[in-house]
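Using the hints, position chain B against chain A.
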Amino acid sequence: NAGVTQTPKFQVLKTGQSMTLQCAQDMNHEYMSWYRQDPGMGLRLIHYSVGAGITDQGEVPNGYNVSRSTTEDFPLRLLSAAPSQTSVYFCASSYLRSTEAFFGQGTRLTVV
Amino acid sequence: AQTVTQSQPEMSVQEAETVTLSCTYDTSESDYYLFWYKQPPSRQMILVIRQEAYKQQNATENRFSVNFQKAAKSFSLKISDSQLGDAAMYFCVRTGANNLFFGTGTRLTVIP
Numbered sequence: 080n081a082g083v084t085q086t087p088k089f090q091v092l093k094t095g096q097s098m099t100l101q102c103a104q105d106m107n108h109e110y111m112s113w114y115r116q117d118p119g120m121g122l123r124l125i126h127y128s129v130g131a132g133i134t135d136q137g138e139v140p141n142g143y144n145v146s147r148s149t150t151e152d153f154p155l156r157l158l159s160a161a162p163s164q165t166s167v168y169f170c171a172s173s174y175l176r177s178t179e180a181f182f183g184q185g186t187r188l189t190v191v
Numbered sequence: 016a017q018t019v020t021q022s023q024p025e026m027s028v029q030e031a032e033t034v035t036l037s038c039t040y041d042t043s044e045s046d047y048y049l050f051w052y053k054q055p056p057s058r059q060m061i062l063v064i065r066q067e068a069y070k071q072q073n074a075t076e077n078r079f080s081v082n083f084q085k086a087a088k089s090f091s092l093k094i095s096d097s098q099l100g101d102a103a104m105y106f107c108v109r110t111g112a113n114n115l116f117f118g119t120g121t122r123l124t125v126i127p
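Residue numbers (this note's numbering), protein chains in the order written: chain A, 80 to 191; chain B, 16 to 127.
Just so you know, these hints were derived from the structure itself, not from any lab.
Note that the coordinates shown come from a computational prediction; the quantities given were computed from them, not determined experimentally.
Beta carbons are placed, not taken as given, at the ideal position from N, Cα and C, and that holds for glycine.
Take the hints with a grain of salt, since some may be wrong.
Taking lysine to any residue pairs in the SDA-like style, the calculated list, with each CA pair at most 20 Å apart, reads [what the hints assert, rightly or not]:
# : chain 1 : residue 1 : chain 2 : residue 2
1 : A       : K88       : B       : P56
2 : B       : K85       : A       : S177
3 : A       : K88       : B       : Q54
4 : B       : K85       : B       : S37
If you anchor each label on the Cβ, the simulated ranges turn out as follows [claimed, not checked]:
#  : chain 1 : residue 1 : chain 2 : residue 2 : range
5  : A       : P154      : B       : I126      : 38 to 44 Å
6  : B       : Q59       : A       : G119      : 30 to 36 Å
7  : A       : A131      : B       : K93       : 36 to 42 Å
8  : A       : P87       : B       : Q72       : 39 to 45 Å
9  : A       : S177      : B       : P24       : 25 to 31 Å
10 : B       : D46       : A       : E109      : 16 to 22 Å
11 : A       : D105      : B       : S57       : 17 to 23 Å
12 : A       : T94       : B       : K70       : 45 to 51 Å
13 : A       : V91       : B       : Q23       : 31 to 37 Å
14 : A       : G119      : B       : A112      : 24 to 30 Å
15 : B       : E67       : A       : E109      : 15 to 21 Å
16 : A       : R187      : B       : Q23       : 23 to 29 Å
17 : A       : Q96       : B       : Q72       : 47 to 53 Å
18 : A       : Q96       : B       : R78       : 44 to 50 Å
Some chain A residues close to chain B (C-beta under 7 Å, calculated; not the full set) [what the hints assert, rightly or not]:
#  : residue
19 : S112
20 : G119
21 : S177
Okay, chain A solo, but in the shape it has when bound (with noise of 0.2 Å):
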């Protein structure tokens, strides 16, 4: 049972280039979303989606792109890195908003 994949676990970006964070999770939820992890700021909403076809915007969204094509996949993308987007980013998913939230593995990015 995989849970919840992210890839990468590690990347380093320089400024203005663009890429895409994929999630996969095989537990059918309906919920997904996008975090990142800041020192000293807990984790905070990027993106999310409440099933495919449908996204919306988080407490930070400035900056990235998601779609959701499949229950399965959400995919982050940054469309032109800068170095505030360094940074950890997890993404998750869970059957409800009141279930346990399932996250991947992490990434951390560096831009330079």
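Relative to chain A, chain B alone:
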């Protein structure tokens, strides 16, 4: 503001002793859920315990228990018989309409 506050950035406990981590939150919702997640150095987010706001009974999971005071919007975590493996960052989390709100975390050190 719908925030989660953890006022103890760092805590330490002697092995086999008991420690309590504090959490307060703000919400205008009547139906919500509260969690404590543990993040060890591996970066993985692990659910420790879950509390439904409509339940007055405090949740318990083996050595972990909570003191949930709904009127005071307080949700503390008590770890009994602390073990070296309990050393981690602990996050207090509250559900929102479609996402999770995280506190800034408490780093717990367990002293042998």
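Evaluated hints:
With a C-alpha separation of about 14 Å, the suggested pair K88 (chain A) and P56 (chain B) falls inside the 20 Å cut-off, and the hint holds. Our distance criterion of 20 Å between C-alpha atoms is met by K85 (chain B) and S177 (chain A), whose separation comes to about 17 Å. This hinted pair checks out: K88 (chain A) and Q54 (chain B) have alpha carbons roughly 16 Å apart, not beyond 20 Å. Distance hint between K85 (chain B) and S37 (chain B) is fulfilled; the C-alpha atoms sit about 14 Å from each other, no more than 20 Å.
Remark: the range hint 38 to 44 Å for P154 (chain A) to I126 (chain B) is upheld by a beta-carbon distance near 43 Å. For Q59 (chain B) and G119 (chain A), the Cβ-Cβ distance of about 20 Å falls outside the hinted range of 30 to 36 Å, so the restraint is violated. At about 41 Å, the CB distance of A131 (chain A) to K93 (chain B) agrees with the hint of 36 to 42 Å. Checked against the hint of 39 to 45 Å, the pair P87 (chain A) and Q72 (chain B) passes, with Cβ atoms roughly 43 Å apart.
The hinted window of 25 to 31 Å between S177 (chain A) and P24 (chain B) holds, with their beta carbons roughly 29 Å apart. Between D46 (chain B) and E109 (chain A) the Cβ separation comes to about 18 Å, which falls inside the hinted range of 16 to 22 Å. A hinted range of 17 to 23 Å holds for the C-beta pair D105 (chain A) and S57 (chain B), which are about 21 Å apart. The hinted range of 45 to 51 Å is satisfied by T94 (chain A) and K70 (chain B), whose Cβ atoms lie roughly 49 Å apart.
Restraint check, V91 (chain A) to Q23 (chain B): a C-beta distance of roughly 34 Å satisfies the suggested window 31 to 37 Å. The hinted range of 24 to 30 Å is satisfied by G119 (chain A) and A112 (chain B), whose Cβ atoms lie roughly 26 Å apart. Taking the beta carbon of each, E67 (chain B) and E109 (chain A) are about 20 Å apart, inside 15 to 21 Å as hinted. Our hint of 23 to 29 Å for R187 (chain A) and Q23 (chain B) holds, since their Cβ atoms are close to 26 Å apart.
Range check, Q96 (chain A) to Q72 (chain B): Cβ separation about 51 Å, and the 47 to 53 Å hint holds. The hinted window of 44 to 50 Å between Q96 (chain A) and R78 (chain B) holds, with their beta carbons roughly 46 Å apart. Against a cut-off of 7 Å between C-beta atoms, the interface hint on S112 (chain A) holds, since the closest Cβ of chain B lies about 6 Å away. Proximity of G119 (chain A) to chain B holds as hinted, the smallest CB-CB distance being about 6 Å (cut-off 7 Å).
Here the hint on S177 (chain A) is kept, as its CB sits about 5 Å from the closest CB of chain B, short of 7 Å.
Violation of the numbered hints given earlier is confined to hint 6; every other hint is satisfied by the structure.
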